[in-house]
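Student: The residues making up each chain are set out below.
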Amino acid sequence: MRQLTALLFFLASLWIPGFSHGAAYYEGKTLTIVVGYKPGGGYDRYARLFQKFLPRYIPGNPTVVIQNMPGANSIIAANHIYSVAKPDGLTIGTFNNGLVIAQLTKVEGVRFDLTKMAWIGSTASDAAILAVRADVPHKTVDDLRKAKEPIVIGATGPGSSTYDFPALLKEFAGLNFKLVPGYSSSSDVMLAIERKEADGRGGSYASILPFIERGLVRPMIRTRVVVPEIEKLPVDEDLAASAKGKAIMAVRSTPEIIYRPYAAPPGTPAETMKILRDAFAKASRDKDLLAEAKKTKLPIDFVAAEDAVKVVQEVLRQPPEMAQEITKYIKFGD
Amino acid sequence: MLDAFILGLATIFQWQTFLIMLLGIFLGFWVGLLPGLGGSTTLALMLPFIYKMSPVEAFAFLLGMHSVVATTGDITSVLFGVPGEGTTAATILDGHAMAKKGEAGRALGAALMSSLVGALIGAFALALSIPVVRPLVLTFGAPELFMLAVVGIAFISSLSGQGGRALLRGILGGLLGLLIAMVGQDPQAGVQRFTFGQLYLWGGLDLVPVLVGLFAIPEIIDLAIRGTAIAGDLPKENLSSGVWEGIKDTFRHFWLTVRCSLIGTFIGIMPGLGGGVAQWISYGHAVQSARGDEERRGFGRGDVRGVLGPGAANNSKEGGALIPTIAFGVPGSSAMAILLGAFFLQGIMPGPDMLDKYLVVTFSMVWTMVVANIITVAVSLIFLNQLAKLTLVRGSILIPFILFLAFIGAYTSNNHLGDLLVLLVFGLLGYAMICCGWPRAPLVLGFVLGKIAENNFYISTIRYGSSWLLRPVVLILIILTVVVLLYPFIRFERKGASEGDATA
Amino acid sequence: MKTALNLRFLLAFAAALAAFYALYASLHWPFRAALFPRVIGIPLLLLALAEMLLSVLREEKEREGHAVDFELTTDVDPVVARKRTLAILGWIVGFLLLIVLTGFPIAVPLFVFLYLRIAGREGWVLTILITGVSWLFMDGLFNRLLHLPFPQGWLFALWS
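Taken in order, these protein sequences are the chains called A, B and C. Our numbering numbers the first residue of the first sequence as 22 and each following residue consecutively. Our numbering numbers the first residue of the second sequence as 6 and each following residue consecutively. Our numbering numbers the first residue of the third sequence as 150 and each following residue consecutively.
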């Protein structure tokens with residue numbers, strides 16, 4: 022027992038903020054990043070990466086801490102940032118980029134308006150891609166259309182890019198897919214591909230990249246979001262036959278431009294927001310951060326606040342009939 | 006192959022690596038002991054410290070920490086009836102019952118020794134199966150995983166107790182557990198099932214608050230009713246002599262420990278079965294192994310075999326759980342996902358190479374788990390007798406402390422007040438079940454297997470139609486299910502023939 | 150025995166209700182979402198009804214229906230046991246309310262303090278000592294080291 026208390030004292034002392042020596046707002050304060058997922062996932066890993074480097078670029082060098090607030094695919098965290106957290110610049114959050122679509126399709130439980138959030142930006146863009154196992158004989162999109170046997174696409178479930186992206190391709194681009202949802206995670210789908218239970222999957226490029234490098238799968242189709250190294254792949258919207266299909270695909274993929282969004286509560290003072298925006302922008306150019314990001318396979322591609330807001334507005338601009346139509350094809354979920 | 010096995014051991018005995026591992030073990034010790042200090046949260050917290058380490062050091066640190074968690078989690082389960090980790094709850098049933106009989110020392114000795122044996126056997130089983138492990142994992146597709154879940158669910162029948170009425174209640178509990186597993190967004194149609202408009206329930210119920218509620222709350226109530234210490238007013242001498250007794254128990258029931266270790270390793274290797282499954286199936290197997298009704302009646306009331314089974318499986322599964330992560334890049338738990346991040350960080354690509362080119366690294370990981378367990382058990386043995394004395398502390402002092410641990414342990418699974426409500430609801434359910442003679446183990450079994458069964462059923466039927474029923478492994482598992490199901494009945498029949506007249 | 154019998158009936162009744170609700174809710178779902186809840190719900194409903202019936206009709210024999218689980222102590226006088234059960238349930242629910250009202254960091258030491266003083270009737274020294282340790286755990290470990298997001302108590306939320 023005594024050892025434990027000694028350890029606690031020791032460890033607690035590490036976290037107690039140091040003496041103040043200046044007049045900066047963040048001097049001696051703690052900046053909390055609320056992450057809408059449990060530790061270990063992509064959103065958490067990005068947040069922890071920035072946690073390490075942000076203090077360098079915020080005057081007053083505050084302590085940065087991560088709080089995991091999982092649940093409802095980060096709607097809980099976004100609600101918290103929107104209406105519970107104080108707009109004092111000491112609490113910011115990161116949540117699913119697909120929340121824009123949740124707001125558009127009026128998902129039950131959404132109590133935020135993303136256009137009113139104080140945006141910081143996004144630390145990375147990512148594009149959904151469709152990848153098939155390397156030994157699948159179909160080489161072109163046309164082969165996928167004309168395939169005699171349907172191509173089995175493993176997926177987690179409606180609402181995720183593993184499901185919605187191939188489902189739209191099947192519906193509007195006429196690809197001969199058979200969708201098999203029910204895998205417990207996107208990496209489980211990868212295993213299913215390896216054991217030939219599935220032939221391919223949709224999903225974010227960054228998460229599939231290690232398996233492309235290993236030679237297990239090859240990328241076939243991308244979305245409108247431009248990501249280095251896969252620029253030449255055919256784009257889903259060009260494959261869709263109807264205008265409606267193109268429009269729905271565009272709405273689905275636009276939020277991917279701000280794949281790892283960061284925002285503060287509405288009403289956070291402008292000068293504080295400037296500090297935060299600058300800090301994120303500078304940190305994402307930091308050499309050490311970039312080196313570490315490269316090692317941990319977390320691509321960095323900062324999108325500034327103004328551009329992030331534009332993305333949000335573009336998605337939410339849909340007329341009500343269109344929003345209604347979208348609900349039929351895209352669900353918000355895990 | 007063999008030289009990699011030995012080289013792997015040699016690498017972790019470089020002094021710097023070894024010291025770093027000791028630090029990991031020290032941290033993991035407390036993480037396991039304290040509910041609420043989750044393994045994955047702590048791993049994530051420790052990530053920044055491993056940036057400067059070499060791969061072998063980093064994994065010695067992370068795995069040293071990770072593999073001790075399951076061992077010391079058993080200590081909390083035995084002493085207080087609160088699962089130290091979500092994966093150590095099965096030890097409560099008999100372990101805590103033993104503590105209440107004044108045999109805390111023996112239960113702890115058994116839990117730790119079986120953990121050690123489990124870790125060792127897990128490591129060796131893994132080493133032996135490295136050449137076949139990739140084909141083995143690839144053989145188990147969705148149909149096989151579905152059937153494995155069915156085999157697990159069939160264990161409900163032997164976890165129910167004897168007699169038709171007990172079986173009825175066991176099945177009721179199991180069905181209730183399966184139903185509870187359906188809460189949350191369904192992956193087929195995207196429908197929110199039984200969520201009552203609550204965002205908190207979208208992802209389904211978490212294992213930890215459910216387990217803490219089911220197990221800790223009834224024990225707290227019982228402790229309050231008795232108004233004594235956990236070990237009651239029993240003579241104190243049983244307590245200290247027990248540790249050796251528990252160690253001997255492990256070898257008295259050595260084959261049971263071995264079998265449960267193998268079950269744990271196997272379930273660990275299977276991706277997607279999750280941490281909670283191994284210990285409950287082993288518990289079911291331990292109950293099955295009892296000869297005669299009189300012996301089975303002891304389970305749930307402090308039979309040491311009920312500690313040995315889950316204790317062994319819990320640690321042997323950790324070695325197996327490495328396989329999907331390192332050989333396929335597919336992490337089986339959030340702790341493993343964090344470990345995967347550490348792989349990338351160290352410039353190691355998980356994949357088939359890990360079982361071939363980098364076999365030494367793989368084996369050094371397995372060895373880290375073994376050595377970490379040996380150290381923990383050795384150190385714990387010194388403290389165990391002292392720890393066992395906690396069961397003599399007045400209940401009125403322990404109760405607020407245990408309640409605090411239970412509440413914080415539940416809360417940290419989602420950091421949401423809903424966790425506390427789940428804790429309370431399942432606490433009351435657990436209490437009611439105890440009062441009415443409904444066994445809790447089948448409910449947990451149903452809960453941990455429900456989603457696995459449903460998801461893999463749909464994947465199987467959509468992918469293969471009905472032809473999956475004829476796959477060879479599926480057929481074998483169907484036969485196994487029937488055997489598991491009929492086992493209690495065969496026993497019942499035999500008993501009926503011999504004693505039937507006497508009781509009628 | 151009467152109360153135990155009632156409780157048995159009530160638990161089975163609750164299980165039957167849960168099954169009924171599950172079946173009812175599944176009526177609105179597409180086939181694939183509804184199949185498993187139905188496959189589970191139907192036998193659950195039937196067996197729960199059977200258990201209800203049995204708990205009314207048949208007096209339970211001592212050893213029958215023995216579960217693989219522990220049994221609550223029977224050494225204590227039933228009247229005292231009942232009083233203690235209600236008291237501890239009150240404390241458990243009270244703890245939850247305290248957490249909701251004042252937030253974790255205050256509720257935990259406060260609860261430990263109140264329980265030790267009122268229910269445990271412990272001396273001041275011991276009470277303050279253990280309260281201090283619990284505060285240290287709460288604030289030092291979970292609040293400062295792990296930075297768990299503890300929601301503000303409703304009491305304070307009202308004021309601010």
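Hints listed in this document are in silico derivations from the structure and should not be mistaken for laboratory results. Mixed in with the good hints, there may be bad ones.
Claimed, not checked - With a Cα cut of at most 20 Å, we get these calculated SDA-like pairs of lysine to any residue:
1. A/Lys267 <-> A/Val162
2. A/Lys318 <-> B/Trp473
3. A/Lys107 <-> C/Phe299
4. A/Lys331 <-> A/Lys315
5. A/Lys253 <-> A/Glu170
6. A/Lys308 <-> B/Leu350
7. B/Lys57 <-> A/Asp307
8. A/Lys217 <-> B/Trp473
Student: Each of the hints needs a verdict: does it hold here or not?
Tutor: Right, here's what the structure says about each hint:
1. A threshold of 20 Å between alpha carbons decides the hint, and for A/Lys267 with A/Val162 the separation of about 16 Å falls inside it, so the pair holds.
2. Annotation: proposed proximity of A/Lys318 to B/Trp473 is violated, straight-line Cα distance about 37 Å (limit 20 Å).
3. With a C-alpha separation of about 14 Å, the suggested pair A/Lys107 and C/Phe299 falls inside the 20 Å cut-off, and the hint holds.
4. In summary, the hint linking A/Lys331 to A/Lys315 is not supported, as the alpha carbons are separated by about 28 Å, beyond the 20 Å threshold.
5. Straight-line distance between C-alpha atoms of A/Lys253 and A/Glu170 comes to about 27 Å, which puts the hinted pair past the 20 Å bound.
6. For the proposed pair A/Lys308 and B/Leu350, the alpha carbon gap of about 16 Å is at most 20 Å, so the pair holds.
7. At roughly 18 Å between alpha-carbon atoms, B/Lys57 and A/Asp307 fall within 20 Å of each other, so this suggested pair holds.
8. At most 20 Å may separate the alpha-carbon atoms for a hinted pair to count; A/Lys217 and B/Trp473 meet this at roughly 14 Å.
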